[in-house]
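> Each chain, letter by letter, is given below.
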Amino acid sequence: MFFRILEFVRKEFIELKRDRRTVVALVVYPMVLLVLFTYAAKTDIKDLGTAVLDLDQTTQSRKIIDQFMNTKYFKLKSKTSNYEELRGLIDRGKCFMGIVIPAGFGKDIESGGGRAARILIVIDGSIPPTAIQAANYSRLIAAQYFGTGLQGGAASERGQSIISLSPVNLKARLLYNPNLDAIFFMIPGLVGYLLTFLTIMQSAMAVIREREGGTFDQLLVTPLTGFEIVVAKLIPFGIISIGAVSLIMVVSVYWFGMVIAGSLKLFFAALLIFIVASLIFGFFISSISQNQIQASQMTIFYMLPSMILSGMYFPIFAMPKIFQYISYLLPLRYFLVIMRGITLKGVGVMEMWPDFAGIFGFLAVASALTLWRLGGRRVQG
Amino acid sequence: MDIHNLKVMLVKEFRQIRRDPRTLGLLIGMPVMMLTMFGWAVSREIRHLPLGVVDQDRSRLSREYIRSFTAPGSYDLVLEADSAQEITRALDRGEIHAGLIIEPDFSKNIMRGQSGNVEGLIDGTDPQVAITALGNAKLVTFAHSLELLDERLKRTPPPIRLPVDKPAAIARYWYNPDLRKINFYVPSLIGLIITQVTLILTSLAIVREKEQGSMELLLSSPLTPIELILGKILPYLILAFLDVNIVLLVAVVVFQVTVSGSIVLFYFLSLLYVFTSLSVGLSFSSLANNQQQALYIIMFYMIFSFLLSGFIFPIVTMPKVLQYLTYMIPLRYFLAIIRGILTKGVGLGVLLPEVCGLSALGLIAVTLSSMTFKRTLD
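For the record, the sequence lines run as chains C and W. Per our numbering, the very first residue in the first sequence carries number 1; after that it's consecutive. Per our numbering, the very first residue in the second sequence carries number 1; after that it's consecutive.
Just chain C, same shape as in the assembly (with noise of 0.2 angstroms):
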């Protein structure tokens, strides 16, 4: 029987070489991709536009702007005078924000009693997850700004030793991802993407292809059995997927310099698990599909929810409950535990078993159903 399988995945491998266009995508896009999302996929806003409509001209007023523009988050963009000037900016999108300092700021900050100090911050809401950053740092900048002013305000009335101690102190530290490095969280996304499109892909047209062409019943009449050629029409396709994980893991490790916390043996076990799974399962749809055509829509059904609802970008916990439920049913969604969980946390199978069983079940319904369709073909002949 191995020889039978070993014979087939060489006539595989051939077939392969032949197509030349899908060999170099298979190499390129990965790449790509992993280019892209690493450079362009930012979370974090850095220079933001901002224009700064300043009523009050005092020192205190300039020495707030400065504390905004020192950080990375926000750049000075224009000085406006007047409110429509700073409207028309926002509207046609030179600017994203707006700080405004009414008149009688600065006489604020050094009373430190009777009226409290105002500043406006104006933003483009039409980016709610950019506007929410922009509004946050605001306020934090301006938080420790007026923290320092009423300290100052408040000890000349009375002396240091009342206020000079913030009641409750925070003291908060980032675990596993400390520079709170986007693509080290992206790269399991993209490493998930990939190979649930190529394994899907690939298994799901392999079938197809073979049938289309006219090539199933010649394999039918051979030797072997139908979970033999089932076993060899995947392990070409597992090894180019392993193949183009392994290129993209290199590339982050030496080129943007991930750091694999936990046990790569592990990573790689999960990784074959992972694939062989996926690869069963696009079996499984070309066994339902009569061409092509519907092959490639169920793949881009199947996929769709599951680069949503995975946890691929957005957080399961913060989604209505039923949608938690069916990310339950995706693969996906453990897989990038247990990636995540491996390079950045380095946790192993101890705190991760949920997820591997959930791999492992997905695995064993994805092999039934497949066997059921597949038997019953070979039946009919």
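Calculated directly from the structure, the hints in this document are not laboratory data. Incorrect hints may have been included.
[To be verified] Pairs of lysine to aspartate or glutamate residues, derived as EDC-like cross-links and limited to a Cα-Cα distance of at most 16 angstroms, are as follows:
#, chain 1, residue 1, chain 2, residue 2
1, C, Lys11, C, Glu228
2, C, Lys171, W, Glu103
3, W, Lys108, W, Glu64
4, C, Lys321, W, Asp76
5, W, Lys320, C, Asp47
6, C, Lys171, W, Glu119
7, C, Lys321, W, Glu119
Given the structure of chain C, go ahead and fit chain W onto it with the hints provided.
Below, chain W alone, put in the same frame as chain C:
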């Protein structure tokens, strides 16, 4: 150009479409599915963050502090632990995304006029979540501190005059005052759905012809390449336009998205985009020899559009090189148009650069396709 020839092609295309009910299902099913998922599943603010707490003080003050985290709903207290080790283990296992460790002398220190110390541990795996959690935690702590400061000063005679209101930075969001994420995603989704649908349709159409061999028949017919292209595009133009309307309807009725600008302008410009996208799809399918290749090219292009068009990741934060690249992606212009009209309510004057960009790309695509067709003829 002969109108009769065109009509014949249209009829033929429509008949083919009708014979393939699954593609129609995809046409309607996919947009609705995407809209539901994006509109409902992922347009939420990041709330209900799983939080674990070790309260080593167990006083009224510590409980009040914890409540300032959980009451607004941004954090869900899922773990009340007895030790810091429990917290770190829960973080390792992903059961919580943030943990608070309150020191035993928390309330005593506050009463004495010193600082009560809290250690916070935040899972940094997902930077977006981490930043939100961190920022939130700091703000909540600061606000709570101010409240305690107030109380403390009231008790200390003679009372010090503190500003009646706290100093503040007030943030106002224009165009989208409640900052409903859905107002961001739905317009973007419309753009993405149209892109996908038009791409898939044209590619399938062309490649199907190639595979079935009817390409030669078409090319030997008396139709000029222009008529051929238009004949292929028009039926899908109509279908894609129908799709836009379905999506817009669902968005307005179900998700209560508001249309701030001129809807007529929106229709005109989306027609322009559909045309451009279809032309691009055509030029792609002329490159592919079979279904599989066509699908690869489409997927590739869609990921490009997804990443670089400003759909999820803002263009302003990308490195300059990539920003220049985005000018080649039709979806980039369309997203600016949609957001401009639906959310900002601007007019044609502001959107002129985008219109030019789209038209230019469309013309290039059509020229490329007709050139490829002519080559096949020879």
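> If a hint holds in the structure, say so; if it does not, say that too.
Each hint tested on the structure:
Restraint check: the Cα-Cα separation between Lys11/C and Glu228/C comes to about 14 angstroms, which is no more than 16 angstroms; the hinted pair holds. Distance check on the hinted pair: Lys171/C and Glu103/W sit about 12 angstroms apart at the alpha-carbon level, within 16 angstroms; holds. For the suggested pair Lys108/W and Glu64/W, the alpha carbons sit about 14 angstroms apart, so the restraint of at most 16 angstroms is met. This hinted pair checks out: Lys321/C and Asp76/W have alpha carbons roughly 14 angstroms apart, not beyond 16 angstroms.
Restraint check for Lys320/W and Asp47/C: the C-alpha separation of about 12 angstroms stays at or below 16 angstroms, so the hint holds. Restraint check: the Cα-Cα separation between Lys171/C and Glu119/W comes to about 5 angstroms, which is no more than 16 angstroms; the hinted pair holds. The straight-line distance between the Cα atoms of Lys321/C and Glu119/W is roughly 31 angstroms, outside the 16 angstroms bound, and the hint therefore fails.
The structure does not agree with numbered hint 7 stated previously, though it agrees with all others.
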